[in-house]
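From first to last, the protein sequence lines stand for chains B and V.
Okay, so the first sequence: first residue is 1 according to our numbering, each after it adds one.
Okay, so the second sequence: first residue is 290 according to our numbering, each after it adds one.
Just to be clear, a hint being listed does not mean it is correct.
Which chain B residues face chain V? A few, computed with CB under 8 Å, are given here [said to hold, decoys possible]:
no.	residue
1	Leu12
2	Ile15
3	Ile102
4	Pro105
5	Leu106
6	Met122
7	Asp126
8	Leu127
9	Tyr226
10	Thr247
11	Met249
12	Val251
13	Trp254
14	Ile263
15	Asn271
16	Leu272
If you want the footprint, here are the derived chain B segments under chain V, 3+ residues with CB under 8 Å [unchecked claim]:
no.	stretch
17	139–151
18	211–223
Calculated cross-link-like contacts (lysine to aspartate or glutamate; reagent style EDC-like; alpha-carbon spacing at most 16 Å) [as the list claims (entries may be wrong)]:
no.	chain 1	residue 1	chain 2	residue 2
19	B	Lys58	B	Asp244
20	V	Lys296	B	Glu119
21	V	Lys296	B	Asp126
22	V	Lys296	V	Asp590
23	B	Lys188	B	Glu178
24	B	Lys18	B	Asp279
Since the hints were derived computationally from the structure, they do not count as laboratory data.
A virtual CB, placed ideally from N, CA and C, is assigned to each residue, including glycine.
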Amino acid sequence: MTLHMDISEETLGGILAKAFRNSAFVAGFAITMLILAMAIVSYFWTPYDVTKLVIADKTQAPSLAHWFGTDHFGRDILSMTMVGARNSIAVALVAVGIGMGIGVPLGAFAAARGGLVDEALMRINDLVFAFPALLSAIMITATFGPGAVNAIIAIGIFNIPVFARVARAGALAIWPREFILAARAAGKNSTQITVEHVLPNIATLLLVQGTIQFALAILAEAGLSYLGLGAQPPMPSWGRMLFDAQTRMVVAPWMAIFPGMAIVITVLGLNLLGDGIADILDPKSRRRR
Amino acid sequence: MTAYLLKRLATAIATLVLASMVVFAVLEVLPGDPARLMLGMNAGADQVELLRDQMGLNAPLPWRYLHWAGGLLSLDFGRSYTYSVPVLDLVRERLAVSLPLALIALALSTIIAIPVGLFSAGRRGQAGDTLAMGVAQLGVAIPNFWFALMLIYVFAVWLRLVPAGGFPGWSAGVWPALKSLLLPAVALALPQAAILARVTRSALVEVLNEDYIRTARAKGLPYRAVLWRHALRNAMIPVLTILGLQFAFLLAGTIIIENVFYLPGLGRLVFQAITQRDLIVVESVVMLLVAAVIAVNLIVDLSYAIVDPRLRSRQ
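With these hints in hand, go ahead and build the complete structure from the sequences.
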């Protein structure tokens, strides 16, 4: 027999000790911090100015002067990769924020109300899921014009049903518990119970889903930018850099290699972080992907 | 079971109808007048108005929706604004590229993922499992279009084994056509295979902890037989669910991958149609893709009953 334990009952020190023994968490945390640091540093310093075109230095192979080489305008790829991190992080952060901010209340509300409200919300969810997200994102960005803001909205919209579904499933498992009954007996209404008891108990679940969606949003943003529908030049973005690289694969493969690796490492870091958090806080319900 | 079947079918149809309304409504707000686009900037306002009438663009909204939806049902998708050919011909031609591409990718992903999942689950915690799942973790993180660029560099630019892009058409022979679909299919399949391998492994690990697995081992069945005959079959439900979802991913993925490889497929058609404001093509292709996703999810749900006899008898 195992005793059920809520997160709040564990000490912070205990959680931290577990975290540092979890290799997925440590690796994921380190990578994520590294990418974040790279984005922050890019505001103050980059090896070269990414807006300055030096045609004389165009498509140079990686060297000591340009670690990642230069692109077709002579811009330093390392500097562009650093600045590109900003765009990826900003788009993904806001898109996941939209998804959580709207999806979680919807899912929690559906679980609290049940019946017709629940049924209707879940059918709308099914409807959104029937549209391949990338296709719809392309339609949205093509309709309202390409750009980082429309990319955020397009990716954000498809995060809403994901968080609604996760929040609902999590909340449904919490509602039959004894402490909810106790809260009811104390005279709290369903909104109070949701905010004070349900949401804190599904926070882990949402955090883990958040890291997954963050990683997916970075991939989606890169895809949209690659198609020319995301961030517009001169703002460097990893997807856009890959688009520029495509026709120059023969002469300058490094133009494709480094921004791509930046995407892979970032997504890998976030996925490891999510796996790690899921393991540490709830070893029983390991994330299945 | 019959009641479940009917209910499932009814929700699928309702979703499809709602989806068609959404597609129609969204494209209504799309800026740009198709009649103006067809005639060019020099055409007079009365000319444009005449063409709008001919194209039925001036009819009331509900009527136009019913006309369009009715057309879809009878496979009359209308004529493309930019290509001036029936959309159905266009779709049929492009589907001959995209459907084989998606199916090869799906097959590749399954052929790779299930054995890797079995391998890892059979050795859970050991070095082989850690290595395989590490590679899978990496595979999940790789964007398919970047992977495609790397494949082009290695296999087309460097080794010159396959063409870097383009499609000779099936009339050029099955092998040349297949050859040009090979890299795109691999690029689409590998990231999906990574996801599927992880799902297969965790589903198997869960099943391997069950009592009946111990019983099967206790009665003397070799481990391999237990894994294949008892565990895999019981782990199929999550695997099938992900396979169904992946079909939607693969369909959408063709949009980017076909652009990387300059393949004249459905994905490239819809992407170009969106940028050219060829609404009727966009509407038709999007509906086709949505219908495919809904149909596949329905098939997946129904196949649960085939895989798991317990679900068949349950009311």
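Status of the hints after comparison with the structure:
no. : hint                : result
1   : Leu12               : violated (28 Å)
2   : Ile15               : violated (23 Å)
3   : Ile102              : violated (18 Å)
4   : Pro105              : violated (22 Å)
5   : Leu106              : violated (18 Å)
6   : Met122              : violated (10 Å)
7   : Asp126              : holds (6 Å)
8   : Leu127              : holds (5 Å)
9   : Tyr226              : holds (6 Å)
10  : Thr247              : violated (11 Å)
11  : Met249              : holds (5 Å)
12  : Val251              : violated (10 Å)
13  : Trp254              : violated (11 Å)
14  : Ile263              : holds (6 Å)
15  : Asn271              : holds (6 Å)
16  : Leu272              : holds (7 Å)
17  : 139–151             : holds (count 3)
18  : 211–223             : holds (count 4)
19  : B:Lys58 x B:Asp244  : holds (13 Å)
20  : V:Lys296 x B:Glu119 : holds (14 Å)
21  : V:Lys296 x B:Asp126 : holds (15 Å)
22  : V:Lys296 x V:Asp590 : holds (12 Å)
23  : B:Lys188 x B:Glu178 : holds (14 Å)
24  : B:Lys18 x B:Asp279  : holds (9 Å)
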